Amino acid sequence: EVLGWLTARYGIPVPYRAQRPPDSDKWASSKAELETVPEGYCRTYYLRRFFGRSGLTVSPASHWALGLPAYVQWTSPIRRCYDLIVHQQLRCWLLSPRGQRERRRVLFHQSPQVNDASKQQAQGKYPYTRLQLKELLRQKNKIIGGVSRLSFDCKRYWLLEALRQAAGEETRS
436 EVLGWLTARY GIPVPYRAQR PPDSDKWASS KAELETVPEG YCRTYYLRRF FGRSGLTVSP
496 ASHWALGLPA YVQWTSPIRR CYDLIVHQQL RCWLLSPRGQ RERRRVLFHQ SPQVNDASKQ
556 QAQGKYPYTR LQLKELLRQK NKIIGGVSRL SFDCKRYWLL EALRQAAGEE TRS
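Residues 436 to 608 (the numbering used here) make up the sequence shown, in order.
Honestly, the hints are just simulated from the structure, not real lab data. Any given hint could be a false lead.
Only pairs whose alpha carbons sit at most 35 Å apart, straight line, appear in this in silico DSBU-like list of lysine-lysine [what the hints assert, rightly or not]:
no., residue 1, residue 2
1, Lys590, Lys575
2, Lys590, Lys461
3, Lys590, Lys466
4, Lys466, Lys560
5, Lys560, Lys461
6, Lys575, Lys560
7, Lys577, Lys590
8, Lys590, Lys569
9, Lys560, Lys577
10, Lys461, Lys577
FRET-style restraints, in silico, Cβ to Cβ [stated by the list, open to error]:
no., residue 1, residue 2, range
11, Leu501, Val472, 21 to 29 Å
12, Leu566, Pro532, 19 to 27 Å
13, Cys477, Leu585, 27 to 35 Å
Please read all numbers here as calculations on a predicted model, not as lab measurements. Glycine residues also receive a C-beta, built at the ideal position from the N, C-alpha and C atoms.
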């Protein structure tokens with residue numbers, strides 16, 4: 436939440452994770468059915484069908500499920516390449532004169548001074564510009580989409596195979 440706010444405020448180019456609100460038509464037509472689903476995990480799982488997939492964008496955008504105006508994922512730079520990019524971009528900003536001034540301001544509780552000129556000044560001092568990030572996202576999304584589908588198909592295959600082998604066996608739940 437804080438990083439989404441910070442990067443949006445200072446114009447730091449990073450990939451934002453966004454999610455649109457649920458489709459209101461689908462939601463409205465299923466309200467009666469929703470009442471029949473028990474509260475708790477079952478209802479939460481049922482509600483997931485109305486959520487759209489989250490996606491990446493280079494402009495700050497809201498994330499409906501989290502209720503945030505801008506969300507940046509950055510906690511796993513070893514596992515996710517986008518998190519590593521965020522770390523690199525943030526590091527460059529923190530080491531820049533503007534970032535150092537802001538760190539001092541926060542430490543000494545001074546009021547912020549941000550304007551469009553300071554945002555523009557910050558552009559171009561990062562490993563990736565906003566345009567380069569946009570192209571990178573486009574290329575990676577093609578690859579990630581294929582890998583995600585393959586992963587889903589593999590899990591489904593092995594689940595069905597396990598069920599086939601266990602057919603007719605009595606099991607305890």
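Now the hints, each set against the structure:
1. Lys590 x Lys575: Satisfied, since the Cα-Cα distance of roughly 22 Å is no more than 35 Å.
2. Lys590 x Lys461: 28 Å, holds
3. Lys590 x Lys466: Since the Cα atoms of Lys590 and Lys466 sit roughly 31 Å apart, the hinted pair holds (cutoff 35 Å).
4. Lys466 x Lys560: It is violated: about 50 Å lies between the C-alpha atoms, which goes past 35 Å.
5. Lys560 x Lys461: 45 Å, violated
6. Lys575 x Lys560: Holds - the C-alpha atoms of Lys560 and Lys575 are around 23 Å apart, at most 35 Å.
7. Lys577 x Lys590: Roughly 20 Å separates the two Cα atoms, so the pair holds.
8. Lys590 x Lys569: This hinted pair holds, its Cα atoms lying about 31 Å apart.
9. Lys560 x Lys577: 28 Å, holds
10. Lys461 x Lys577: 28 Å, holds
11. Leu501 x Val472: 21 to 29 Å: Since the Cβ atoms of Leu501 and Val472 sit about 23 Å apart, the hinted range of 21 to 29 Å holds.
12. Leu566 x Pro532: 19 to 27 Å: The hinted range 19 to 27 Å holds for Leu566 and Pro532, with Cβ atoms some 24 Å apart.
13. Cys477 x Leu585: 27 to 35 Å: 30 Å, holds
Of the hints listed earlier, those the structure fails to meet are numbers 4 and 5, in rising order.
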